[in-house]
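Visitor: Whole structure, please, built from the sequences with the hints as guidance.
Protein sequences appear in the order of chains A and B.
Mapping of the first sequence onto this note's numbering: residues 1 to 111, in sequence order.
Mapping of the second sequence onto this note's numbering: residues 1 to 113, in sequence order.
What the hints contain is simulated information worked out from the structure, not anything from laboratory work.
Errors might be hidden in some of the hints.
Cβ-to-Cβ under 8 Å is the rule here; a few derived chain A residues that face chain B [said to hold, decoys possible]: (1) 8; (2) 9; (3) 10; (4) 44; (5) 46; (6) 47; (7) 70; (8) 71; (9) 92; (10) 103.
In this text the structure is predicted, and so the values were computed from the model without any measurement.
Don't be surprised by glycine CBs; every beta carbon is placed ideally from N, CA and C.
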Amino acid sequence: QKEVEQDPGPLSVPEGAIVSLNCTYSNSAFQYFMWYRQYSRKGPELLMYTYSSGNKEDGRFTAQVDKSSKYISLFIRDSQPSDSATYLCAMSATGNTPLVFGKGTRLSVIA
Amino acid sequence: DTGVSQNPRHKITKRGQNVTFRCDPISEHNRLYWYRQTLGQGPEFLTYFQNEAQLEKSRLLSDRFSAERPKGSFSTLEIQRTEQGDSAMYLCASSLGAAWTQYFGPGTRLLVL
Numbered sequence: 001q002k003e004v005e006q007d008p009g010p011l012s013v014p015e016g017a018i019v020s021l022n023c024t025y026s027n028s029a030f031q032y033f034m035w036y037r038q039y040s041r042k043g044p045e046l047l048m049y050t051y052s053s054g055n056k057e058d059g060r061f062t063a064q065v066d067k068s069s070k071y072i073s074l075f076i077r078d079s080q081p082s083d084s085a086t087y088l089c090a091m092s093a094t095g096n097t098p099l100v101f102g103k104g105t106r107l108s109v110i111a
Numbered sequence: 001d002t003g004v005s006q007n008p009r010h011k012i013t014k015r016g017q018n019v020t021f022r023c024d025p026i027s028e029h030n031r032l033y034w035y036r037q038t039l040g041q042g043p044e045f046l047t048y049f050q051n052e053a054q055l056e057k058s059r060l061l062s063d064r065f066s067a068e069r070p071k072g073s074f075s076t077l078e079i080q081r082t083e084q085g086d087s088a089m090y091l092c093a094s095s096l097g098a099a100w101t102q103y104f105g106p107g108t109r110l111l112v113l
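Guide: Okay, structure coming up:
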């Protein structure tokens, strides 16, 4: 079992839909959680980051962490075609140490 | 602040050749990370530096791979005697001090024929 599991999709939604992306993990030491967006043939772009449990909101994006279930989520409201990309979850135990990534979920938002 | 830059962006080489990639982190970022990403997978950690010191190397980093960060600024990643299995995107990221947010460069895409 990999440390971080993420459904690779692809996930296809109509424009304006609410998108839910999720990761599960097995290492209970993870405390720092990040979401990256990666367009085709580009480097990952940091979208959201949270520490420990709870919610964080930034514009159309909301990140949630449930440490008791070892489950993290990213919600995208009012999805746009420009949101079409691969979304990667990443996490680490001690913050400024190497990240462990999920495989990424490929999202397509159809106009 | 121009972000993390990587050169070259693309490299095609023949099996057995040596290749070297360069990463320039965001200025003043003292931590620098190398990751490798293959198609359909997330990035996998290779090695990282704090200033010029190489603090950790992954088991993925065979002895054909070597990385340096001589003056604590830019870093190079060299692969000797390349193999077809080395074909991947090589990503560099940097972070500042105790900050735990890593910022990635555009990557170097390597194809070994």
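Visitor: Now tell me if each hint is right for this structure.
Guide: Cross-check of the supplied hints:
1. For residue 8 of chain A, the interface hint holds, the least distance from its beta-carbon to any beta-carbon of chain B being 7 Å, beneath 8 Å.
2. Look at residue 9 of chain A: its Cβ only gets to about 11 Å from chain B, farther than 8 Å, so that hint breaks.
3. Because the closest C-beta pair between residue 10 of chain A and chain B is about 11 Å apart, greater than 8 Å, the hint is violated.
4. Interface hint status for residue 44 of chain A: upheld, as the beta-carbon distance to the closest one in chain B is roughly 5 Å, under 8 Å.
5. With a cut of 8 Å, the hint placing residue 46 of chain A at the interface with chain B holds, because the nearest CB-to-CB distance is about 6 Å.
6. Residue-level restraint check for residue 47 of chain A is violated (minimum Cβ-Cβ distance to chain B is 11 Å; threshold 8 Å).
7. For residue 70 of chain A, the interface hint is violated, since its Cβ never comes within 8 Å of a Cβ in chain B; the closest pair sits about 17 Å apart.
8. Here the hint on residue 71 of chain A is broken, as its CB sits about 17 Å from the closest CB of chain B, past 8 Å.
9. Look at residue 92 of chain A: its Cβ gets to within about 7 Å of chain B, closer than 8 Å, so that hint holds up.
10. Given hint, residue 103 of chain A at the interface with chain B, holds; its Cβ is 5 Å from that chain's nearest Cβ, closer than 8 Å.
Violated hints, listed in ascending order, are 2, 3, 6, 7 and 8; each of the other numbered hints is respected by the structure.
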